[in-house]
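J.: In case you want the letters, here they are:
Number of protein chains: 2
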Amino acid sequence: MLDIRFEKTTAPKEIPDEDNPLVFGTIFTDHMFLMDYEEGKGWHDARVVPYGPLSLEPSAMVFHYGQEMFEGLKAYKTEDGRILLFRPDKNIERANRTNERLCMPEIPEEDFLAALKAVVKTDEEWIPTKEGTSLYIRPFLIATDPFLGVRPSNTYTFIIILSPVGAYYPEGLDPVKIWIEDEYVRAVKGGIGEAKTGGNYVASMKAQVKAHEAGYSQVLWLDGVERRYIEEVGAMNIFFKIDGKIITPQLNGSILPGVTRDSVIQLCKDWGIPVEERKITIDEIYEAHKNGILEEVFGTGTAAVISPVGQLRWENHIMKVQDGGIGELSQKMYDTITGIQLGKIEDTKNWTVEVK
Amino acid sequence: MLDIRFEKTTAPKEIPDEDNPLVFGTIFTDHMFLMDYEEGKGWHDARVVPYGPLSLEPSAMVFHYGQEMFEGLKAYKTEDGRILLFRPDKNIERANRTNERLCMPEIPEEDFLAALKAVVKTDEEWIPTKEGTSLYIRPFLIATDPFLGVRPSNTYTFIIILSPVGAYYPEGLDPVKIWIEDEYVRAVKGGIGEAKTGGNYVASMKAQVKAHEAGYSQVLWLDGVERRYIEEVGAMNIFFKIDGKIITPQLNGSILPGVTRDSVIQLCKDWGIPVEERKITIDEIYEAHKNGILEEVFGTGTAAVISPVGQLRWENHIMKVQDGGIGELSQKMYDTITGIQLGKIEDTKNWTVEVK
Ligand SMILES: Cc1ncc(COP(=O)(O)O)c(C=O)c1O
Ligand SMILES: Cc1ncc(COP(=O)(O)O)c(C=O)c1O
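Keeping their order, the protein sequence lines are chains A and B.
FYI, the numbering for the first sequence is 0 to 355, going by numbering that gives the first Met the number 0.
FYI, the numbering for the second sequence is 0 to 355, going by numbering that gives the first Met the number 0.
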């Protein structure tokens with residue numbers, strides 16, 4: 000069992016009023032978890048301490064060579080007051096896959112889970128309860144060697160911070176408009192696209208700014224080699240319903256293996272809906288739309304859970320989906336997953352983990 | 000003129016003894032330069048202060064989304080005691096191209112140069128003078144918004160730190176063995192390969208570790224699309240001398256436009272040696288080697304200036320170059336560039352900038 004030292008804050012902050020909308024990712028709770036790593040010594044000094052600034056050498060490798068992993072998951076408070084995490088094991092697994100790709104140390108799974116529980120429990124009063132709200136959990140790992148030169152760091156710090164977040168769609172599900180990018184590339188096979196690390200996100204910003212200026216809220220990436228295969232959205236995986244079948248790009252090394260993606264695939268199978276994980280070209284989508292069989296499109300990710308897509312723009316083609324509205328499957332998927340997360344629907348798959 | 004506040008250290012460190020070899024990137028001088036940026040307000044609070052830790056919110060965007068630019072250049076002390084920078088304008092230009100690609104603010108060129116001069120001048124006693132030594136200068140820019148969510152930051156800090164470095168080749172030029180990577184990919188057209196940013200370096204670590212384990216000191220990357228075209232080495236551009244001609248990969252968007260690369264091209268032209276900047280496949284190199292016309296191979300970069308390559312390994316082929324020794328052009332190029340840097344050879348191109 001991970002031995003965690005606790006140092007409680009002596010200056011607790013005011014917990015935000017849930018009736019004012021919580022802007023995603025701007026407010027942080029009273030505590031954070033930290034744990035250090037040193038080559039030879041391993042992980043040590045696990046602690047929950049007051050939330051506050053990190054002190055790092057200007058030469059710390061994270062500032063120069065991008066050795067940083069992050070994850071994102073949520074804690075929910077159920078109506079009967081229990082605290083639930085949604086599939087934390089999947090995030091922990093993915094974190095360690097990222098760590099492996101970036102030559103960073105593995106975090107033992109039980110310790111990672113113990114750390115999540117410890118810090119969430121410490122700040123449990125911060126978990127909002129209003130419909131659609133939750134406590135966003137951001138674990139991250141950074142390289143700290145004070146060294147200029149390209150090689151894996153020998154020292155790291157693992158940190159978990161918490162942020163109460165409002166409903167992604169305060170007025171109920173709201174379809175998004177998506178820009179299909181054909182100039183910039185996010186990631187390529189053989190690269191680090193399947194890792195959850197800063198380099199992939201900074202690479203996406205320029206196209207995102209361009210899409211925003213054109214009135215689109217998100218970018219859908221094509222593959223970096225042929226620029227024809229659909230990859231994923233900025234912070235979501237993507238699903239298409241074509242002629243009754245669900246199709247989503249296969250995990251190919253350059254897209255993130257989403258936890259929500261995996262959950263959606265499992266639910267479709269349970270419901271007897273055929274799902275295909277495979278390569279899919281933008282031309283196929285365009286044809287399906289032309290033939291009137293592109294029935295639904297939705298993104299999947301921790302932040303919004305399910306994001307119905309009302310419009311896709313590719314070159315000069317604008318494809319409306321569901322007449323800009325919400326598809327039946329998108330709605331059912333959203334209701335089911337959020338229902339399980341909030342303990343309202345029976346969790347037959349053991350997806351939720353209670354924090355006691 | 001940039002208005003810089005100076006706060007001198009009250010606890011100067013001991014300047015390392017030059018007779019003990021200085022390990023690259025491990026020792027830092029007494030001062031550093033900092034300057035902050037805020038959207039709407041612009042750059043402000045330029046200052047030279049004692050070298051010490053940075054204090055950053057755990058939610059600072061640099062830890063999560065990889066918005067970080069860095070540069071690398073050197074200051075030299077000439078025999079008559081002058082301080083010279085080598086082509087700082089090229090690093091400044093490149094920094095701003097990186098900033099543009101990563102949606103970070105431009106740093107005015109004159110201010111950047113004034114900052115370099117101010118901090119180098121402050122710590123001029125730290126510039127080593129022994130043959131081959133220099134003061135390595137590391138400017139870098141990091142995103143500081145305390146915000147979780149993928150978009151460009153609104154606040155940044157620009158920092159310059161200094162590190163005295165020993166001779167890269169204390170015993171004179173020493174040929175390196177290079178591993179040609181055919182599994183992992185560093186960057187791809189449309190991505191951020193030509194930017195000097197952490198994401199590209201962390202992406203390179205796994206192949207580098209693999210190469211080291213096999214006894215090779217550096218990785219040579221192939222393009223991410225066809226995996227046939229030569230790109231660059233981990234922290235160097237690459238040149239081939241084939242049948243009397245110099246060939247180097249053209250700037251294609253996925254390789255770093257090296258300052259040393261540019262200098263080598265200009266010198267070759269001056270010397271009447273034909274230079275081709277073009278696409279070049281690994282097969283072409285293999286054939287040239289087989290036909291006995293692969294005369295020299297060398298890498299170019301700020302750290303080592305010129306690195307003769309004595310051996311290339313591609314799949315199961317081992318190609319020896321110059322019988323593992325140093326080519327005539329590599330040696331002449333090294334002597335000329337370092338001669339200009341140290342003020343021993345007349346600088347007819349105005350490459351050096353004196354710090355007064
Ligand atoms: C690039 C990218 N793809 C997909 C996802 C969706 O993954 P998950 O469902 O695990 O949140 C995310 C967000 O987490 C992401 O950042
Ligand atoms: C990836 C990469 N390529 C090439 C270079 C060489 O560039 P320069 O000659 O400007 O140092 C460097 C190092 O600076 C580098 O990091």
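Certain hints may be false.
Quick look at which bits of chain B chain A covers, simulated, 3 or more residues with Cβ under 8 Å [unchecked claim]: (1) 77-89; (2) 97-107; (3) 120-132; (4) 182-188; (5) 252-258; (6) 290-298.
Hints are computed from structural coordinates only; laboratory data are not their basis.
Just so it is clear, CB atoms sit at the ideal spot from N, CA and C, and this is done for glycine as well.
J.: Has the segment 97-107 of chain B got at least three residues whose CB is nearer than 8 Å to a CB belonging to chain A?
T.: Holds: 3 residues of the segment 97-107 of chain B have a Cβ under 8 Å from chain A.
J.: Is the listed coverage of the segment 252-258 of chain B by chain A valid when you require three or more residues with a beta carbon under 8 Å from a beta carbon of that chain?
T.: violated (count 0)
J.: Are 3 or more residues of the segment 182-188 of chain B near chain A, judged by a Cβ distance of less than 8 Å?
T.: holds (count 7)
J.: If you count the residues of the segment 290-298 of chain B with a beta-carbon closer than 8 Å to a beta-carbon of chain A, do you get 3 or more?
T.: Per the Cβ count (0), the hint is violated.
J.: Count the residues of the segment 120-132 of chain B whose Cβ falls closer than 8 Å to any Cβ of chain A, and tell me whether that reaches three.
T.: violated (count 0)
J.: Report holds or violated for chain A covering the segment 77-89 of chain B, Cβ cut-off 8 Å, minimum 3 residues.
T.: violated (count 0)
The structure fails hints 1, 3, 5 and 6 (numbered hints given earlier, in ascending order).
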